[in-house]
Every structure is written in C-alpha cells, then in structure tokens.
Amino acid sequence: MTFWNSSQIKECRSLEEYNKIKKLDKSKLKDDYYKLEVYSINILNKFGKKVTNRQRVLSTASVYLKRFYLFNNYLETDLYLIIITCLYLSSKVEELPLSIKYITNEFNKQFKTTYKIQDISKMEFNLINDLDYNLVVYHPDFRQFHLEDKINNLCYYILNDIYKTNLLLLFQPYTISIAIIVFAYSIQNNTEQSSQLLSQLNADLDIIQYIIQEILKLYKLLPTIVDNDIYDLYLNSHF
Numbered sequence: 001m002t003f004w005n006s007s008q009i010k011e012c013r014s015l016e017e018y019n020k021i022k023k024l025d026k027s028k029l030k031d032d033y034y035k036l037e038v039y040s041i042n043i044l045n046k047f048g049k050k051v052t053n054r055q056r057v058l059s060t061a062s063v064y065l066k067r068f069y070l071f072n073n074y075l076e077t078d079l080y081l082i083i084i085t086c087l088y089l090s091s092k093v094e095e096l097p098l099s100i101k102y103i104t105n106e107f108n109k110q111f112k113t114t115y116k117i118q119d120i121s122k123m124e125f126n127l128i129n130d131l132d133y134n135l136v137v138y139h140p141d142f143r144q145f146h147l148e149d150k151i152n153n154l155c156y157y158i159l160n161d162i163y164k165t166n167l168l169l170l171f172q173p174y175t176i177s178i179a180i181i182v183f184a185y186s187i188q189n190n191t192e193q194s195s196q197l198l199s200q201l202n203a204d205l206d207i208i209q210y211i212i213q214e215i216l217k218l219y220k221l222l223p224t225i226v227d228n229d230i231y232d233l234y235l236n237s238h239f
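In UniProt numbering, the protein residues as written are 1 to 239.
Hints are computed from structural coordinates only; laboratory data are not their basis.
Once the Cα atoms are required to be at most 27 Å apart in a straight line, the calculated DSS-like pairs of lysine-lysine come out as: (1) K66 x K49; (2) K46 x K150; (3) K101 x K122.
Working from the sequences, and respecting the hints, build out all of it.
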C-alpha cells in the first residue's frame, strides 16, 4: 500500500481547518502554545533516544502525538502519559517493540513519575481510538532524489526537526521532502540546484514556500525554548 491509497492522505487537514480545530488551545496558551508543542516533542525525543536507537519509532510516535492533540486539549490531558504511550504504540506498529514494563520503569526514573503498566495499557486503547485506528504513518523520504551525501544528511537533520511542527498533519510527505531539499540547498547557497529541482517536479510553489517559512519560524523559536520553563508553564496552566 502506498501513501496515495492510505488513510493518512485523508487525515491531512487544510490550514484553515487546522486553525479552527486548535482555536481553543491557542487562545488559552497564546504565544506559548507553539512552545508547548515543541516541548512535547523534545521530551518524546529525550526519552525515546534512551530506550530505542530507531529514529522511525520516534518519528511515528511524534505524528501520533500531534494527531492526538489535534482533537484533544493540552490543558486537559496528561502530556507525559500520552508521550510514553505514543512511543510504546509506535514501537509495536513499526515492529520494533519495546517492553511496556521497561519503558514504564525508565520513564518513571527519568521524570520522577509514578505511572503503572495499567496506566499505559489503558491509555493505549484510548490513543488508538482517538487515532481512528489509522496507525500506519508514511514519512518524508529522500532516497528517490539521489542526493549527494552532504545534502542528504542535512535534509534528514532538518526532517527530524520538522516533527516539532504540525506540517505532517497538513501536507503530503512527498511535498515536505521537496520543501526540505529546497531549504537545504538554500542553506548551501545552491539556488541553481533548487531551481532545477522545482522545474522538474510537479510541486505547488505556494505550498513549498509556506513549508519553508514554517521551518524558518521553528528555527527562530527553538533558541527561546527552555524545557524547564515550558514544564512550569504546563503545570501552572494545567492544574
């Protein structure tokens, strides 16, 4: 099955629809909403890299987390419980299963929480239901473009940061791949290659430009995020 025949393509939202759905969360948290979104993926990656060395598990878990919070409120849910459950479910879907006992114990050690195995199991059922049982995730990929190693590595570096945004909820992986390549070439001051790429592909230039602007917005935001400060914000807003 390909992306074009998958349920994931039906999950893509228009920008207007996405903003309408998230209006309540954004209005309560204001400018800090975006920081909390990035913080949640930071925590997922921080813990995930301790329990697995497979980036695909982290990437799929990140998409689950974003999709869950598309229809759920950060201020009305247990963010940490959702994070660990997304990782656990992702590891099974990607056929790189993690022991539920192991990740529960490790998470409790790292974040001073007191979750039980039953908490994760119960949340897993709720998570699958909220994801509407659509668990296969297609990710942006660069192999078909046959890039030189330097650009290819830069693209994957940028892609790992992309999961801190909501772009995977809005656009097809193929389109995101093109935008990342164009952005990577611009970093290398190679506008000739990016122009050549765009001329060869059937890509919507307005969408490509929008994705690149979101990447720039993310990199401008990242230096302002201190995880401990965002954690305090979450606690103060949540309780």
